[in-house]
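**Q** With the hints as your guide, set chain C onto chain S.
Listed in order, the protein sequences are those of chains S and C. To convert, count from 1 in the first sequence and add 152; that's our numbering. To convert, count from 1 in the second sequence and add 152; that's our numbering.
Hint data in this document are derived by calculation from the structure and do not stem from the laboratory. Please note that the accuracy of each hint is not assured.
Heads up, the list lumps identical chains together, so a pair's fine if it works in one copy or across two of them.
[Stated by the list, open to error] List time: in silico DSSO-like cross-link candidates among lysine-lysine, alpha-carbon distance up to 27 Å: (1) Lys557 - Lys282; (2) Lys557 - Lys350; (3) Lys350 - Lys285; (4) Lys424 - Lys285; (5) Lys424 - Lys557; (6) Lys557 - Lys285; (7) Lys424 - Lys350; (8) Lys216 - Lys612.
Protein chains: 2
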Amino acid sequence: MNGAQSLIQTLVNCDVDVCFGNPGTSEMHFVAALDSAPTMRSVLCLFEGVVTGAADGYGRVAGKPAATLLHLGPGLANGLANLHNARRANTPIVNIVGDHATYHLQYDALLTSDIVGFARPVSSWIHESKSAKTVAADTARAVQAARSAPGGVSTLILPADTAWEEAERPALPLLDRGPEPASPAAVEAAAMLLRNGKRTALILRGNALHGAGLEAAGRVQAASGARLLCDTFAPHTELGAGRVPVERIPYFAEQIVAFLEGTEQILLVGSKPPVSFFAYPGTSSWCTPEGCHLSYLSHPHEDACGALAALADALGTPEQAARRVPLQLPDMPTGNLTPSAIARVMSNLTPENAIFADESATSGGALLSTMATARPHTHLPLTGGSIGDGLPVAIGAAIAAPDRKVVCPHGDGGAAYTMQALWTMARENLDITVVIYANRSYAILNIELQRVGVQEASQKALSMLDLRNPEMNWVKIAQGMGVEASRATTAEEFADLYRSAMRQRGPRLIEAMI
Amino acid sequence: MNGAQSLIQTLVNCDVDVCFGNPGTSEMHFVAALDSAPTMRSVLCLFEGVVTGAADGYGRVAGKPAATLLHLGPGLANGLANLHNARRANTPIVNIVGDHATYHLQYDALLTSDIVGFARPVSSWIHESKSAKTVAADTARAVQAARSAPGGVSTLILPADTAWEEAERPALPLLDRGPEPASPAAVEAAAMLLRNGKRTALILRGNALHGAGLEAAGRVQAASGARLLCDTFAPHTELGAGRVPVERIPYFAEQIVAFLEGTEQILLVGSKPPVSFFAYPGTSSWCTPEGCHLSYLSHPHEDACGALAALADALGTPEQAARRVPLQLPDMPTGNLTPSAIARVMSNLTPENAIFADESATSGGALLSTMATARPHTHLPLTGGSIGDGLPVAIGAAIAAPDRKVVCPHGDGGAAYTMQALWTMARENLDITVVIYANRSYAILNIELQRVGVQEASQKALSMLDLRNPEMNWVKIAQGMGVEASRATTAEEFADLYRSAMRQRGPRLIEAMI
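Here chain S stands alone, though its shape is the one from the complex:
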């Protein structure tokens, strides 16, 4: 058994059985070792941003890490932006980066770079293996670290000789640390706050937003009347009919301020105080109302679900049952194809239990509000603001949940970042419907240009936000990468194409000409 085989077998022992990769020479032993573990699924991606974004989507849906396989520093570098998004989502990922053989580094060959330096800004744990004999143990620690609450990116650097030299045996999994229980004192203090009659909001994150955590939050709400809120870009929410309703904090600072006006107490449940996404001249970045009392029910590394359940118990039996979102489907649209029309079609036709890998950006406002009362579904947004995560996240979600339909509504500007993802969707025949909002613009920047105080932008400046010259043809791009694709120019055409996509399995792309 060589080091690479000990690594892969240890991953499987630790319940990591999917690897997204784009290997190179220094990873050839890892590739060869894939055979030694038949249950390890290996997914080839044409670009490392797809690798890391797919691992992000997988981890958010599966609740456990996938592995990546990246080629030296530059391969890692190409994956960093979506690792940034994963870091902001607290997604568990075992990020494996090949390196030159230990004895080769001294020569500073052309592909040599500071891999630890590249990894540091996105990783919660980093280790370089120095011997084939320790690779298995290093791998078990990497998995443990990735799974440590609230989840993070473990970067394990694997020099080529530690892959090809002789190892002893694979390692067994280490203790799963899991989240720590929240402090009973914090629960007691929160219960007192919720009884003092002041206007209170809970900002939920992590496991407070799905399953038992969301149910417990619903009981707290029913017993206290407090508002349930979540971040604009909460990494993983369960939405739609039958679920406990949670209000999403809006995007722009002045909207957040208006949204929170009158709030006297904020209770943070694994979350942070709301701040502006960007700074603007003359606008405050801090959005908590003046005089509002801020406190923590639980910290990100603590068990929000347990804390909410304990808090609900402390508050006693509510007079009424938890609120539930009613099923409300809008009328089907006709005529012009607009973001609102797309939202109405999706709301009507998307089957229960779908997963939305949502990077709809400026076109997504209507989608979120319309889907709020659609059939129950999972929502995975762009968590770190680095565009080009949606298509890869859809890949990871589809592999984590092969029996669920994945829908990927995506802005065209962001989709151009990682368009190579389409190829992997075709290769793996993943059940993903991609909807490209073809507004041929970095539309958000036309808004932001004015918000930052630019009064009269010239043609030269505006052309830097404009994607009309030339117009991308997403049907051809998708077909060029093996994905069936069509264009919709009216609401009716879009409805026909979307209905057909929902009824079939496999990848489809619809270019929506809005």
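**A** Structure of chain C alone, referenced to chain S:
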């Protein structure tokens, strides 16, 4: 005048008048300020790897830096792999990265990251502006640092408030440091070595490989009989008929060892001793023959051209004139389309003074040997081993030299990394002919898999190197991004398409089915 205007005007004052960018909200004042400097050309790219690769190609051809414009840490992260290539090419680049306003960083909003951390592995100079008042001076220093011999990546981080706050005036250029003169003692020592009768090789780099430097090297060769060599991936060479011939060091370690066998003295001219690109089990990475004497004529930060001229003078008038490459064009091919057939067509039909942005990878051996005696041309290879640089480098080269035909022979695996570059080629109507070697494989890895000692690779392993499922259609991908494209399946078809591309201006893609 705000900080952004002071920055752009300072760039123009310092002779930096091209900016490749993909801006976001924090860069909107920079975008708006583009109007204040009409001579600044601003080129939009759909992905940051295209931005930085284009700046690499521009700098290598223009001999002066372009600026980039990147959006915060993740935007920089997407550009790091091609900055790695640029670092290995010693390309001067002024790498401008927007950041949150200084007062916003404390809130750790979602797009916040360790920008300095991301920048460090690729930058020779890094600075964060802290006030609009210093932005102009900081910019002048960034340009000076990028231009300091042998050239490097200067990263200037520009918080949004330093762009929008009031500045005073643009700065004037700082002293151009240029390369230092080589040590007279080193020149004298080299002259003594070249007279001692031992078999000597000069390994040339930087300005020793073009113009007056190459001419001086030719005089040294004629006077001494020494071999003239260059790195496998020398960043910028002038090749073809009429030029002084320089032998290229081969790629694999055992080839290098055979190539250098019998060499008793190596004189390094801005270069490093040759080493293996990768390590292999049981193979030495160090390729200098045992007992061979290594010494430096000039270091990378010194003037190789001046050192060679002084050395030629010290050696006295040679008995014969410097060697010249003869013009030898091969027969035009017929029948099967192979890398060799492509090379023969290109050698016959490429006009004088073309620029090759060459990422032909495993298909490129025939190209280099055949083009060696073709019409004079410039050769820009992949310098850092991080694939996906060729298409962007072609963009930068075409903008630096708008009157020269740019040819971009590219492997399909690498081209998939930065396919978004095609869009910018169409947008700017650049005179680039892209030739995709469509072998539907990471072909190098099939070679490397055996070289690293993997004996029997399974289908599962081999599938990770294979791009046939699905097959990419580069004609559709290119058309989807606005570039005219055709497919060639025979040598005759390829010749027809290539001839037509050489006669027209503007971007063209030929998918060569090899």
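**Q** Indicate, hint by hint, whether the structure satisfies it.
**A** Here's how the hints hold up against the structure:
{"no.": "1", "hint": "Lys557 - Lys282", "verdict": "neither (43 Å within a copy, 48 Å between copies)"}
{"no.": "2", "hint": "Lys557 - Lys350", "verdict": "neither (43 Å within a copy, 72 Å between copies)"}
{"no.": "3", "hint": "Lys350 - Lys285", "verdict": "neither (60 Å within a copy, 47 Å between copies)"}
{"no.": "4", "hint": "Lys424 - Lys285", "verdict": "neither (42 Å within a copy, 34 Å between copies)"}
{"no.": "5", "hint": "Lys424 - Lys557", "verdict": "neither (32 Å within a copy, 55 Å between copies)"}
{"no.": "6", "hint": "Lys557 - Lys285", "verdict": "neither (43 Å within a copy, 54 Å between copies)"}
{"no.": "7", "hint": "Lys424 - Lys350", "verdict": "within (20 Å within a copy, 71 Å between copies)"}
{"no.": "8", "hint": "Lys216 - Lys612", "verdict": "between (47 Å within a copy, 24 Å between copies)"}
Going down the numbered hints, you'll see the structure goes against 1, 2, 3, 4, 5, 6, while the others check out.
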